[in-house]
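Q: Here is what each chain is made of, one letter per residue.
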Amino acid sequence: MSQPGVLILGAGQGGLQAAISLRQAGYAGAVTLVGAEPGLPYQRPPLSKAYLLEGDADALALRPESFFTSKQVRYLPQTRAEEIDRTAREVRVSGPDGARRLPYEHLILATGTRNLRPPIAGLERALDLRTLADAAALRMVLAYPQRIAVIGGGFIGLEFAAVARKLGHEVSVIEAAPRLMGRAVSSAMSEHFARWHRAQGVGLHLGQPAIAVDAEGVTLADGAHVAAEFVLLAAGVRPNSELAEAAGLVISNGVMVDAGLRTSDPAIFALGDVACFPDPRTGAPVRLESVQAATDHARLIAARIAKGETADYAALPWFWSTRAIRNCRSPATPVRGRQRRSSPRGSLPGSTRAALPRSRPSTTRGCT
Amino acid sequence: MIKVTYVAQDGTATTIEAEEGTSVMQAAVSNDLDGIVGECGGSMMCATCHCYVDEAWAERTGERSSDEEEMLEGAADEVTERSRLSCQIRLQPGLDGLVVHLPEEQL
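Residue numbers (this note's numbering), protein chains in the order written: chain X, 1 to 368; chain P, 1 to 107.
Just so you know, these hints were derived from the structure itself, not from any lab. Keep in mind it's a predicted model, so treat the numbers as computed, not measured. For each residue, glycine too, the CB sits at the ideal point set by N, CA and C. Heads up, a few of these hints could be off.
To be verified - Partner residues aside, some chain P positions facing chain X, computed with beta carbon under 7 Å:
1. S30
2. E81
3. G94
Said to hold, decoys possible - Cβ-to-Cβ under 10 Å is the rule here; a few derived chain X residues that face chain P:
4. P46
5. A212
6. Q292
Based on the provided sequences and hints, a complete structural model is requested.
A: Next up, the structure:
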């Protein structure tokens, strides 16, 4: 039997990047990538942006099928991990070929998140936007003119709202918090985007949670009713940490890892949206929902496994968002003196407002 | 099909054939060429598909847009007047045989 090698649970952008980086770093052992969804690993960010408009699923694939053969990465789609057996160093999975046990020397948890479904009556009427299958279903919805309500004024909900509005639908966004994207950006940025979305004709209902969904639309806590034929739920996510928890790993807002991205079991790493890691600047535990964090984590873990490197995770967080015609690049948390990406010119503007552009196309830097 | 040649810093040249309309970034990534990352998938939101267009092709690949210009400032390696984000160069018949040079690093 071949060496157990590296087993990666989760074939999103972070999990796939771990496989890519392991091979780039010269790792010669077995690499197995397990994913619950069908098809090749794909990019999620465009699902709420370009894909909704263009519907080109092929353009989303991160690597062609030939990658997996040429790099000897065993890819198991439509396969779910059921249990981690840390003593035997095996994971029990079930997939098209039935149940089996996959051995590992190193296990990487890249299980990501799933949509949070708050306790709202009738919520089963609302669709999600998380997977390619979700986005394909939403494209069908967007093919016919209708009134659309979006529950959740975060990135995904607002990106969807911008696209739906651009396509001519009547769109309302319902956000329980008093401002948009409250978890990610400053109040000045929230206001800026609220103005922008309103100017596009999107109705914003802030500060009132949705309490019920029915065929007529959405009822808010204050009794107001938002008429809609279709409801999208985009109220945030929850880390898929149950497997790790059942295996006895330390869990707190995701799978807890150290600065080297190791869980409480040194044979198991965690990366991306499911990992709660020490913020390189403050040491405080943080969990980010961002492609960049996931792929940076993956590279670091691969270097540790393949080359025995001991460097800690030190990248500063950033993410991007597109609102149909408008782009925003933002540090994931307030940061000054960023050298790259979020502030290519080397320093962030002292005042967010001063940095806000007024014309399109625009790129907003230093959003916090 | 349109041919593009990617020349790494050590002089290694890799020629890839791709369909018209594909970007120079997509052609590289889908053929698993090391040296182009394309982390944001071509949204012009990172600068990890940086390349230097060969002098002989500089005029045919067109001008950088202001957004591209701005994003390039975040590139990991030196930015020169021939620097482009390869996601912004679409392959068309006039670019058959295009040569681009890869930077030392993208991240």
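Q: Taking the numbered hints from earlier one at a time, note which ones the structure violates and give those numbers from smallest to largest.
A: 2, 3, 5
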